[in-house]
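Please build the complete structure, drawing on both the sequences and the hints.
Single-letter residue listing:
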Amino acid sequence: MSTVNLPRHLLASVEKPARYTGGEWNSIVKTVPEAAEQALRPFLRYAFCFPDTYEIGMSNLALRILYHLLNERPDVWCERVFAPWTDMADRMRRENLPLFALESRTPLHEFDLLGFTLQYELAFTSVLDMLDLGRVPLRTADRTLDDPFVMAGGPVVYNIEPMADFFDLVIIGEGEEVLSEVVDCYLHWKASGDTRTREGFLLAAAQIEGVYVPSFYTVTYKNDGTVQAILPNRTGVPATIRKRIILDLDQAYFPTQSIVPNTEIVHDRIFLELFRGCTRGCRFCQAGMIYRPVREKKPAVLVNQALEMEKTTGYDEVGMLSLSTSDYSALSELTDGLLCELTPHHTSISLPSLRLDNFSLELMEKASSTRKGGLTFAPEAGTQRLRDVINKNITEEDLLKAMELALRGGWSGAKLYFMLGLPTETIEDVEGIAHLAQAIEKLYQSLPRFERPKRLELSLSTAMFIPKPFTPFQWSPQADTETMKSHQMHLKDLLRHSRSVRYKWHEPRQSYIEGVLARGDRRLGKVIEAAFRGGARFDAWDEQFKYDLWIDCLEKAGLDPNFYARRERSRQEIFPWSHIDCGVTEDFLWSEYQQAILAQTTPECREQCSACGAQCFGGGVCYE
Amino acid sequence: MSETFIVRLRFSRREPAIWLAHLDMMRTFERSIRRAGLPICWSQGYNPRPQMTFALPISVGLATAGDYLDLSLEEDLEPADVMDRLNRSLPTGFAILAANRAAPSKASLMSLVRAADYRLETPGLAEAIARIANTQPLVVEKFSKGKMVDVDIRPLIEKIQLKGPDCLEMRVKAGSSANLRPDLFLKALETYGDLPAEAAADCAVTRLALILDSNDPESAGS
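Top to bottom, those sequences are chains A and B. Following our numbering, the residues of the first sequence are numbered contiguously, the last one being 624. Following our numbering, the residues of the second sequence are numbered contiguously, the last one being 222.
Hint data in this document are derived by calculation from the structure and do not stem from the laboratory. Take these hints with a grain of salt, some might be off.
[Said to hold, decoys possible] A few chain A residues facing chain B, derived, Cβ under 8 Å:
{"id": "1", "residue": "G23"}
{"id": "2", "residue": "N262"}
{"id": "3", "residue": "T313"}
[Said to hold, decoys possible] Reference listing, derived: stretches of chain B covered by chain A, where coverage requires no fewer than 3 residues with Cβ under 8 Å from a Cβ of chain A:
{"id": "4", "region": "91–102"}
{"id": "5", "region": "165–179"}
{"id": "6", "region": "191–205"}
Quick caveat, the model's predicted, so the values are computed rather than measured. Every residue, glycine too, gets a C-beta built ideally from N, C-alpha and C.
Spelled out as structure tokens, the structure:
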């Protein structure tokens, strides 16, 4: 094993060098057993790789959990690797230094297993950048026994096909159990002595439920470019891969000796995970489908975890994580418990965006006795019709009532989130966004002066809707970039006299490429590689994104981005992700799509079960 | 207001902690103090913070063998106990070397700093020093208050002692009224002493000690 020596001039010349130097409190350094000892008892070096900066990666809950989970084992040392920012990556290449793990500064290529977590498609080129900088062959086909096995997990892997050429194995679903099984499988393979081919381990790993080995499946295409079939090309490999979930989150492993970063990260506080899944069923939301069914943690468990973490980390702030915190059934009990236990130690609670109602305003008052936290509100669409299409269960009346409460309660404004380009959207829906903002302005003006804040400040932002796999809109075409731009301009124009509104929008071309990758197939692998070779990395960062390069690479590969993003797909089409099973059935998603077109809503899980299929896991909200 | 008790700590920071920015270091100490369970006083107001004062900011990349930090505590703890508890709670690279009671005074710890001793290590230092021996003044450009200004750093240097061809120790003015940062000194060596830019960029700099304005330097805690 070697270690990478980082010269002073290198660290002194880059932005935020503490990103690269490790040594944080609660980070784990182990002694690697000697080769002779390893021959008797195999030891696994695991690199948890996050294809974005340290500040973003360290804010990721999967990393936080799995890092410590793996390090609990005496036969594993899990270390962390983040994508070096462009200044560092360029200098490392110039000085011929390989990418290394923070704990031991061992080069990436010397590890046994690399586990990437993928949170967004636009991180794909950063995966390649990290492999390349770590001297790991990019393609599975080019890797030898001396190279690590490269794995992927996270929400994006529900359609990992565009990256199928680069990952040896993929973990579908929640990692707490299956990751340990993969590690066992690897150590067993090492101990067996029969390690002449990489395939031996991959075949054994493919037997584990939730493990997908892309190279064991052959994809054929029809003349029209759509998928003909996805079939196993080995015996003993499952035809479909079902995601793994943890049924009892109270019993599940959760680390309380969490790493405390030396430099400020995005979510720099104690994390509490309230629940997984979401009962709401918003039709645009992939997370709401793939994390089903909803499973909650008990408030007493969470309060204990917070207290323990407060001691072991020294953090003075506790944050809550979930897809929709307002839906946590014991929110009041939890926040009361936390406030009562933590306030005496000067530890504050940071509330995430909550659905605006009386209750959450009270909660915010309680949680921030000195400061008013920001309010966020996500109506997503400008008219009731379109909100019904997407099954976003909020009315204009709800919004105005909540805003009145907030304004009377001393808040001077809110952030409003919308999407442009939703299926069936018309110009009236776009104008509806402006009307909603103006209705809030009117409401503000109608309040007596002494019952409202001095000034109203609304921050309104529009993101581009991107149809994602495993959602009812997976069949739907993505809106075109030009129309989106004109809608943004129209909206900006409508809001020009609304002085209390600040309008921000998202670059539609970036969303277009994200849309291509999200519903893409294996043929995009060479496009991603070409984009990386052409200089693409950190594509999710506006200032790094190179649209023309992507278009050029697609063209050179003879692939039409509109085929992936802008095509209405038929009910019969086999998707590139059809061999992945997230529990929610295609029939349910299709019926939701049909309901959407009719602007018919579907009740949330706790009101009425809509038989989405997630019941098959035998737990969670389906059995409450 | 209840009584507060000041403990003056002398601490070191080495690799990898030298790469923390000063704000990051402050945050790291705050959290370490909380982990150690020390009864730190909290400031009043909107956003209460643990009350601690560093004698002099430490720039990114700078090691120190002896900087000072005052903690305001609610209880009169044994300084050795404070040192011990904090040492068990600090991340890699930080260590508390000494702890002493200090009398609460109107003068802040920062205002007591008069000078600092530094050790610089990089190839070619002695030669570069020889070349600047007769350069008078040593004017370098410095970024100050949003613009570049020329400063003569010669009056800020109290003494320089060569420790070998590639090592020197120096005492320079430090503190809020006059302060010489070692990177500025290296820039002068580059400009007037032909120290190669690579050598300057790779120079390891350690603050050996802070000289506080007091009759008996030992009372400051060392």
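Hints, one by one, checked against the model:
1. G23: holds (4 Å)
2. N262: holds (5 Å)
3. T313: Where the cut-off is 8 Å and the nearest Cβ of chain B is about 7 Å from T313/A, the hint holds.
4. 91–102: The restraint on the region 91–102 of chain B holds, since 3 of its residues have a Cβ under 8 Å from chain A and three suffice.
5. 165–179: As far as the region 165–179 of chain B goes, the hint is violated, because 0 residues have Cβ atoms under 8 Å from chain A.
6. 191–205: Holds, because 5 residues of the region 191–205 of chain B bring their Cβ atoms closer than 8 Å to Cβ atoms of chain A.
Against the hints set out earlier in the document, a violation occurs for number 5 only.
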